[in-house]
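Protein chains in written order, with the working numbering: chain Y, 1 to 75; chain H, 1001 to 1374; chain S, 2001 to 2328.
Be aware that one or more of the hints could be misleading.
So, partial list: chain S residues that the calculated Cβ filter (under 8 Å) puts toward chain Y [said to hold, decoys possible]:
hint	residue
1	G2181
2	L2182
3	R2183
4	S2184
5	R2241
6	P2242
7	R2244
8	A2245
9	A2246
10	E2248
11	L2249
12	G2251
Hints are computed from structural coordinates only; laboratory data are not their basis.
All C-beta atoms in this analysis are idealised placements derived from N, C-alpha and C, irrespective of residue type, glycine included.
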Amino acid sequence: MCLAVPAKIVRLEESGQGTASYMGSEVRANFSLVPRARPGDWVIIHAGFAISIVDAREARETLRLFKEMAATDRR
Amino acid sequence: MKELRDPAVLRRLLDEIGAKAGLLRRTPRLMEVCGTHTMTLFKHGLTPMLAEAGVEMVSGPGCPVCITPNAVHEAAIAAVTRTEGLTLAAFGDMTRVPTRKGSLQAAVPAAGSRLRIVYSPEEALDEARREPGRQVVFFGAGFETTIPGIAYTAKRAAAEGLRNFSILPALWLIPPALRAILDAGEIAVDGFIYPGHVSAVIGAAPYEFVARDYGIPGAIAGFEPGDMLLGVRSVLDQALAGRAEVALEYGRAIGREGNAVARALMDEVFEPFDAVWRGLGKIPGSGLRFRAEYAGLDAGRRWGMAAETAEMADASDLAGCRCGEVLRGVIRPAGCPLFSKRCRPDSPLGPCMVSFEGACLIHFKYGPVRRARS
Amino acid sequence: MTKISLELGSGGRLMRDFLAAKIVPAFRDPLLGELADATHLPGGIALTTDSYVVDPLFFPGGDIGTLAVNGTVNDLVVAGAEPRFLSLALILEEGLEAEVLDRVIGSIRTAAKRARVRIVTGDTKVVRRGQGDKVFINTAGIGRTVARPRLERVRRGDKLILTGTLGDHSLAVMLARGDFGLRSSVRSDCAPLVFLLPLWRAGARWMRDVTRGGLATVLSELVERLPYPVLIEEDAVPLSRPVRAASELLGIDPLYMACEGKAVIVAPAAKAAGILARVRRHPLGRRAAVIGEVQDRVGRPGELLLRTAAGGLRLLEPLTSELLPRIC
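With the rest of the complex left out, here is chain Y:
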């Protein structure tokens, strides 16, 4: 019940609606649940609503961790 993807906010409108970009496609979503989000932020979008703002630093850290694991494995 948790199908949601991380997408990058492209545009926010007054109404709370806006668009986010995911792999080159644009999706309309409602950002009212994440009032602190700004264009350029990554958010988790589920059923047309952004429910969480992605922590860019933590995301990079996770990726780095995994890249490291992949690299050391190939030694």
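Given chain Y's structure and the hints, the job is docking chains H and S onto it.
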């Protein structure tokens, strides 16, 4: 995020998990309670790999389609087949459940009525705005991930004074269900993998009772295979250290505090009540219904389905269907005598075989590795 | 079943059961009973027919007119016939704008030229407003038999070649409907597969165009009639970026999404590389790939299996009902 699917990384994590599991006194059994987690495990073949590493994975009631009693599905069918000029908007997942009245998808709508699959409740609201002469009923089903969006939609409808919009609610809360499963004591669970996106809304606190009162470790995990293995590893670490807590292994996407704005909205529009779950029976505080101020939006009330939905005494599973036990993690799909014999994806006898997130369908599709008969 | 449901039309198992229960027994004709895409008639000609009811009429990459020509042309090609002539029957709804009809007819003309078929007969009817959805089109196609593919000739070790990316048509139509608030650069892949005709002489054993129900449905129907399981490699299946994005956002599986200009070809192992090269030389076949094999190392006869990118194995079932976006 393809690093999170890198087979070499997954292999390495599995090795670590295998080493840790080997140090425990008995094979740990971990329960996940999210259909999307079940899907990840199977799609990437993680369940057998984890079994080989000495960890048994069990699915709990993580599929909102499966746990919604047939009476509610039947109410939705009644709405679209009995009333003219009505749009029943629903998430795709909900429309194929077999009930005594067939499925929502197979139902033939009344004159001028139709079933419309939507991705977001806002699409239903938009239709109500665009077509004031048309009744629009949104079949709002989901867990805490989905509920805030539904609450927002309800609030907007009320604020805009829309007379032609209503919501048929099937809203379920995960933590009370966890408590019910633990109290039932039907199976021994050594650890939990908590649903990452439900947690995006509710945070980590609502699961703390599991660690505190039952001494069972758990980890909130994301949905890539790497995420889930991180979650499993964290649970084993806790077990080895004799610790029980709610670890957060999805920090990149969510915070321990969850989404307060979303929770406030849920709380404003809905109130908890003792809901009946298919297979689990009545669970205290486990469902949400409209508060009095918003009761005008309740489709059950508006369309006289209140009796059917309030009743919710679910005896309507087809004979022999053991979805309930599958949902409680008591048996695996293969433990149901109907599984893959009379109950198959093209002839499902219960929602667990119909829903994309149903354990039975997932087990059927992804099953154990099939070797040729030699 | 006392009333026809929309679900029946989605082309999956329900439709096939309907044909088997209601249509085939009513006519008891060995030529009909095969339920092939096109039927080879005595005299070296093949006949097919199809009706087109797409909504909306226009979508990125095509319209109901291009569909009406290419759909029928492709049924002939994959059945082993060179398309030559089409009939064109139009059912128009009262109130349809003439300009819309002009556009559709223009598309039909262009598509027919591209596919090198002639529209030689037809019919036009008008129904009362509300009794038809703007335009319904039926085309019947006649072709010259160039091959008589038989599933009995499929052998263990035969390869499966997919001529291009999956799901572009399905997504283009969804977006043109404004469904789901999604926008992307996707275009329908609606196109004639006439360029595949020479492959019959190059050794192709069997072909099917990947339409309603998607690749998984088409291959399920194939594998049902084979004594071997079929294994598909998920990694090898070509997908366009927009389809990948939409499938993750909406939870729709590209293996079940319809195309209108893609085919799957069964080729003997020794000929597969050559056939693949020929397909790739054509602009419509640039993304062609070998995606699987008829084999017996894994699985049981009649099973269609997918090896996932992570190395797991998954059973693919035919589509039983309409494709649905999910929240779960």
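Now for the hints, and whether the structure bears them out:
no. : hint  : verdict
1   : G2181 : 3 Å, holds
2   : L2182 : 5 Å, holds
3   : R2183 : 4 Å, holds
4   : S2184 : 4 Å, holds
5   : R2241 : 5 Å, holds
6   : P2242 : 5 Å, holds
7   : R2244 : 6 Å, holds
8   : A2245 : 4 Å, holds
9   : A2246 : 6 Å, holds
10  : E2248 : 5 Å, holds
11  : L2249 : 5 Å, holds
12  : G2251 : 5 Å, holds
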